[in-house]
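**Student:** Same order as they appear, the protein sequences are chains A and B.
Taking the numbering used here, the leading residue of the first sequence gets 1, the next gets one more, and so forth.
Taking the numbering used here, the leading residue of the second sequence gets 1, the next gets one more, and so forth.
These are calculated hints, taken from the structure and not from any lab test.
For clarity, every value in this text was computed on a predicted model and none was experimentally measured.
Watch out, some of these pointers could steer you wrong.
To be verified - What follows is a list of derived Cβ distance ranges for each label pair:
| id | chain 1 | residue 1 | chain 2 | residue 2 | range |
| --- | --- | --- | --- | --- | --- |
| 1 | A | ASP151 | B | MET1 | 25 to 35 Å |
| 2 | A | PRO127 | B | HIS74 | 19 to 29 Å |
| 3 | A | GLN109 | B | PRO112 | 27 to 37 Å |
| 4 | B | LYS20 | A | PRO29 | 47 to 57 Å |
| 5 | A | ILE72 | B | GLN75 | 16 to 26 Å |
| 6 | B | ALA43 | A | LYS104 | 26 to 36 Å |
| 7 | B | ASP92 | A | ILE72 | 32 to 42 Å |
| 8 | B | LEU76 | A | GLU134 | 47 to 57 Å |
| 9 | A | PRO102 | B | LYS72 | 38 to 48 Å |
Note that CB positions come from ideal geometry on N, CA and C, so glycine has one too.
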Amino acid sequence: MDNTVEMKEKLAASIFEVLEKMFFVFLEPAEGRGRFEGHSAVIGFRGPMCGRLEMFSSPGVSSAMVRNMLNIEGEVSGPMLQDGLKEAINMICGNFLRKHDPSKVFDLQIPSFREATDIPGRRDPAPGEEIAAELAFVADGGSLDVVLFLDRA
Amino acid sequence: MSFNILIVDDSNSMRAVIKKIVTMSGFHMDNCYEAGNGKEALAVLADAWIDIIISDINMPEMNGLEMLGALKEHQLFREIPVVIVTTEGSEDRMEEAMASGAKGFIKKPFLPEDLKRALYQVVGMREDGQYGGDEGKAGGVDF
């Protein structure tokens, strides 16, 4: 199987697994990119391949994820939202990397969170990076996109 | 018998989820302590009696593996069973954690039953609360 296709499939499997098991959010694959009016959480990784994984989620999906994870009703505070989304990208990245190659050790960096205003342009690869996989989903309340950026060798 | 549990994770949400799972599992928990990294965990251990530690690996300041190393150096802390709950699931990383003294290894995302099973196993109890399990043999749980 083509390496890119395989990587995309493994990333999709990790996203479904994490979102369903820990956040009780059931995604449907979508075409194109979601609207960039939500939040993003990003994590870098180092190992046999290096890069970053970034998740862009609309406010409705972000809030649903955190509410479901913590089993709470009502408003989700800013700190809770940040913490929940950072944990989500951490889990997706770790899960994906062990699906990619369980025999190799990858060092995960500490995830970070970005507000909507910081997002425009973040979807483009930085110098020295390329997009290895880009996946778009919809769920109740909005969209969720995940982009895998890899450092060029 | 009830146990004092220390949850070490830099995510408040994950600590809350783990605490809720332990509480709802019926596991005999007396007090639950929390720490945001290994360094904070060592400070808690200096002040409170802890029976079981549930810890992440990837944390700022002092990660879970460094914390395991620090526990090993301390006569009072080296026997405390540690269950690692982490996203880092490579075979080498798991072996490293177990060699450093971890008694259980759970990969995120996990199901509540997985954590419950690991806790009962590290204290050598069956899930009905009776003794007779395989103490210290929680091993890895792969999903």
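**Student:** All hints are to be evaluated individually against the structure, with a verdict given for each.
**Tutor:** Verification of the supplied hints:
no. : hint                              : in the structure
1   : ASP151(A) - MET1(B): 25 to 35 Å   : violated (51 Å)
2   : PRO127(A) - HIS74(B): 19 to 29 Å  : violated (47 Å)
3   : GLN109(A) - PRO112(B): 27 to 37 Å : holds (28 Å)
4   : LYS20(B) - PRO29(A): 47 to 57 Å   : violated (31 Å)
5   : ILE72(A) - GLN75(B): 16 to 26 Å   : violated (42 Å)
6   : ALA43(B) - LYS104(A): 26 to 36 Å  : holds (34 Å)
7   : ASP92(B) - ILE72(A): 32 to 42 Å   : holds (37 Å)
8   : LEU76(B) - GLU134(A): 47 to 57 Å  : holds (51 Å)
9   : PRO102(A) - LYS72(B): 38 to 48 Å  : violated (26 Å)
Taken one by one, the earlier hints fail for this structure at numbers 1, 2, 4, 5 and 9, listed in ascending order.
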